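Mind assembling these two chains? They're in different frames, but the hints should get you there.
Single-letter residue listing:
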Amino acid sequence: MSALLQVRGVTMRFGGLVAVDDAALDVAPGTITGLIGPNGAGKTTLFTVIAGFQTANAGSVAFAGEDVTALPAHTRALRGIARTFQIVQPFAGLSVRENIAVGAFLRHPSRGEAMARATAVGEAVGLGPLLDRPAGALTVAGRKRLEMARALATEPRLLLLDEVLAGLNPSEIRDMLPVVRRIRDDGVTILMVEHVMQAVMSLCDTVHVIAQGRMIAHGTPAEIARDPKVVEAYLGHGAARRLAGGADA
Amino acid sequence: MRSSYLPIAIAVAVLAVLPLGTSSNTTLNFLSFALIVALAAQGWNILGGYGGQFSFGHAAFFGTGAYGMALLQVRFGINPWLALPLATLMGAAVGAAIGALSFRARLRGSYFALVTLAFAEVFRILANAWGFTGGAAGVLVPLRIEAANMQFADRATFYWLVLACVAAGLVLTQAMARARFGAWLVAVRENEEAARALGVDSLAVKLRAITLSSGITALAGGLYAQKFLYLDAGIAYGSWISVEALLAPIIGGLGTVFGPLVGALVLLGLGEATKIALGHALGGAVPGVDLVVFGVLLILCVAFAPRGLLGLGANVRRLLRRPV
Numbered sequence: 001m002s003a004l005l006q007v008r009g010v011t012m013r014f015g016g017l018v019a020v021d022d023a024a025l026d027v028a029p030g031t032i033t034g035l036i037g038p039n040g041a042g043k044t045t046l047f048t049v050i051a052g053f054q055t056a057n058a059g060s061v062a063f064a065g066e067d068v069t070a071l072p073a074h075t076r077a078l079r080g081i082a083r084t085f086q087i088v089q090p091f092a093g094l095s096v097r098e099n100i101a102v103g104a105f106l107r108h109p110s111r112g113e114a115m116a117r118a119t120a121v122g123e124a125v126g127l128g129p130l131l132d133r134p135a136g137a138l139t140v141a142g143r144k145r146l147e148m149a150r151a152l153a154t155e156p157r158l159l160l161l162d163e164v165l166a167g168l169n170p171s172e173i174r175d176m177l178p179v180v181r182r183i184r185d186d187g188v189t190i191l192m193v194e195h196v197m198q199a200v201m202s203l204c205d206t207v208h209v210i211a212q213g214r215m216i217a218h219g220t221p222a223e224i225a226r227d228p229k230v231v232e233a234y235l236g237h238g239a240a241r242r243l244a245g246g247a248d249a
Numbered sequence: 001m002r003s004s005y006l007p008i009a010i011a012v013a014v015l016a017v018l019p020l021g022t023s024s025n026t027t028l029n030f031l032s033f034a035l036i037v038a039l040a041a042q043g044w045n046i047l048g049g050y051g052g053q054f055s056f057g058h059a060a061f062f063g064t065g066a067y068g069m070a071l072l073q074v075r076f077g078i079n080p081w082l083a084l085p086l087a088t089l090m091g092a093a094v095g096a097a098i099g100a101l102s103f104r105a106r107l108r109g110s111y112f113a114l115v116t117l118a119f120a121e122v123f124r125i126l127a128n129a130w131g132f133t134g135g136a137a138g139v140l141v142p143l144r145i146e147a148a149n150m151q152f153a154d155r156a157t158f159y160w161l162v163l164a165c166v167a168a169g170l171v172l173t174q175a176m177a178r179a180r181f182g183a184w185l186v187a188v189r190e191n192e193e194a195a196r197a198l199g200v201d202s203l204a205v206k207l208r209a210i211t212l213s214s215g216i217t218a219l220a221g222g223l224y225a226q227k228f229l230y231l232d233a234g235i236a237y238g239s240w241i242s243v244e245a246l247l248a249p250i251i252g253g254l255g256t257v258f259g260p261l262v263g264a265l266v267l268l269g270l271g272e273a274t275k276i277a278l279g280h281a282l283g284g285a286v287p288g289v290d291l292v293v294f295g296v297l298l299i300l301c302v303a304f305a306p307r308g309l310l311g312l313g314a315n316v317r318r319l320l321r322r323p324v
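If you're matching them up, the sequences are chains A and B in order.
Straight run, no breaks: the first sequence in my numbering ends on number 249.
Straight run, no breaks: the second sequence in my numbering ends on number 324.
Isolated chain B, as found in the complex (with noise of 0.2 Å):
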């Protein structure tokens, strides 16, 4: 069934002309920051939407993602290109570690999101407080425009970089679903008792879960820390990313493969355009409005498209289908 991935061979070839429509570094900027929300959200999808295991701690690894591109740049010297997967690997690394210590405790549910929770906020006072990581300045990355130092004179080769790893992150999410693994974990997210029952190990496949999650949102923690050149802690580690995070896949569609993708688009295209919108208006920025738009397409979600954006794509086209 490879036809299953003609979709996502689709939606990135749209994806990947929209750079050639526009000039404007405004609207680049947007879309790599948009993309790279939409990677940290299929990250969490993995974990959260398949494996029903709800983090508001990913900004642990989106910071742990980060920070490792940047510190092993400007204190260790080592190129970027290398730096990014060692940072990947990093953040799939703490990964495993919460993850081997809050599973192995049966942690589940609310108890579960309120221990990635606080293990994200320790992790942003340690980065706030610690010379080693800049402390309350951040880090900067010097500017040295050069492919081989992953940066780029135009925007939209590195809006393309982001896009290949989000191209990357659909491609193994949608084999994932029909692999074993993933099979193995939306039945721990259906029901853990029963697929034990079926020779599933709960334990192993939770933890695998987490890890492959972990590393691909640190993955676009990496990508975010060398498209902004400039990190503190706040940023890093803050908890805007665990939220939109997993904003992205609810409104979108959990537990689907364009669910993160979808929403993220929406989510901060919305806010941006009220953003926008209500500047305009009233002449000057208005902050944290798309906070509040962020609020009310969670609440019309929830209410009314329980299965995301995606689950009501469905619904509609099977009213349509149905004679009437």
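In isolation and in its complexed conformation, chain A is listed as follows (with noise of 0.2 Å):
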């Protein structure tokens, strides 16, 4: 099976600190695909260099067989990368409804068919009631759903997920599992950036782990929870030997 996305060698410099290194990654379709990393890893500079918004200093992005390394974003948009933002970006002045419809208005030029579009596809994340709304309007949660209905509108083939988890209590958290569950039953491919690790070892069917630039791990979310790689990038040098120091004493 051929990878939907192939990250080879991307790295990132911002003057001179290396975001990330010679990263690599594939992303099977069908799939849900966690990165997960700590804090300034380069989680997110590696979803912006994915989805057009900064050109990498080295290394490729090929979707679907193609190499889009050189694609500014609205073209990856329209070959069929949707991304969501990890500081949502509502258009504050709109209503929910007109947000997903600029979305839909990619594959439907004409205002009807948008508006039904975008209709459908905030009922199906759950803003049904709201989308008459100004979207400036909207609670955290509101806005997270917003993100991702506005990426999904936009039908694409991969969508990358932004934290869209971060900062919902956990009871919204729960609301949204199904949520991105059905969205990769429909058959779009995610690639999710998460924190929430309850929810990454749900959803994800294989995960990526970077760690100060570099790729360290990669396999189910079983396997990562042991790697003493993983274990020790998120707790420290030496944490894996004397976790399991430990748990012998």
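Hints were generated in silico from the structure; no laboratory data involved.
Since we're looking at a predicted model, the values are computed, not measured.
We put the CB at the ideal spot given by N, CA and C, even for glycine.
Hints may be right or wrong, so weigh each one.
Unchecked claim - So, partial list: chain A residues that the calculated Cβ filter (under 8 Å) puts toward chain B:
id, residue
1, Arg83
2, Gln86
3, Ile87
4, Gly93
5, Val102
6, Arg150
Stated by the list, open to error - Computed spacing ranges between beta-carbons, pair by pair:
id, chain 1, residue 1, chain 2, residue 2, range
7, A, Pro134, B, Leu18, 36 to 42 Å
8, A, Ala92, B, Leu18, 37 to 43 Å
9, B, Trp240, A, Ser171, 55 to 61 Å
Rendered as structure tokens:
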């Protein structure tokens, strides 16, 4: 099975800081793939490179077998890569429906179709009763759903979710998990950056771990949780051994 | 939803019968002038109101339209009915060029405003110095009253011509606001980064907006030249029109179909009324008093009606509808 998204050797420097160092990662079609790592590991930077918002200093990004490294963000959206933003970016002056319609217009040039599509997508992510509200009036949870709805309205093949669960309370997270799963079941491949481990464990088929700009591990969630390199990345050098020792004592 | 064009039809019909109620040339001249400013403001509103790119230099387009209209007739003997669309295209071309330079350089906000202001000033200085444009003496379009020459014996006829252009501007704005281009333009105004993530080519959208915007404002300039048959650099490229083209939509309602028209009529109407009233009271003209009125209106709007008079009207309607 060939990967829908192939990232090879991506390096991103900001001045002297190497935010992402020679990163490689594959996302298989039809999966939910997680990208986790401690704060400042370079997850969001890698995301912006994949979505085309920043040009990497080195490396390549291939989507559906074609090299998209040189394409700008809006062209990648047309090819089928959609992203959400960690810091939500609603069009505050527009209604929820109009927000989603901006995404829907990409593949439905007529207003009637775009609006109908926006309504359908909005209802699918649970924004049905709020469609005519101004986007600026939504709660944090509502805004996260709006981010997803807008991205989905572009009818992507790959959806990049950047911490859609951050800032939500446990019950809101519980409500959100089936929404993400249903998106995958509808045929959209998902790559998600996430800090909420409970969600990563229950949603993801494969997890990639990045720390200090380098990919240090990948595997199923269960494999990752046992990997000493991952434990050390989160808890510090030698933590895995100390934890193991503690268990013996 | 054809019914969204009904308010436009009503407004245009009301404006169309206004000249029947007056035979005063002063009134007709004032109304024509107010509608020309409204048209220039409609152009500004597409880029500034819908697109959020505030230009302080729409005089560059207004002046290009005006000089284009006058010089094509005087220097090349082209019929005004052909010169007017040509002048409009020239203004649109200048807009596209300024847009390409400044948007490609990723200028936004106050930087974009300053660059447009600078372009307009450069054009003013060049037009003032160059012999081809008549230099400081300006250009005079010869008086030859004939319908074929776009000069009419009855002032109401020219007023209706201007009104037809304003009506076209209203329909165009309404159609744009409901089309994909309008949605994308507003998205770029609200959040350019998010718009790009949704597949919007923000540079292309802004370039189309400034081209359309400058074309409409250039059309207003062309009409101005034909109305007054005289131009100099200070009139055509003067900052007065840059200011009025942006004040009218701000006072009327930014990014709304009727904002520029309502704003221009209120702004110029109050300015003119103050001039006349003070003139009577003091027994002589008080030059520049209309600018004081503009300033006061702007302050009142920013303080009490940040969404303009149309936004204020909507708020009042909502208050009245609310059960007490």
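*Which numbered conditions among the earlier hints are violated in the structure presented, ordered from lowest to highest?*
2, 3
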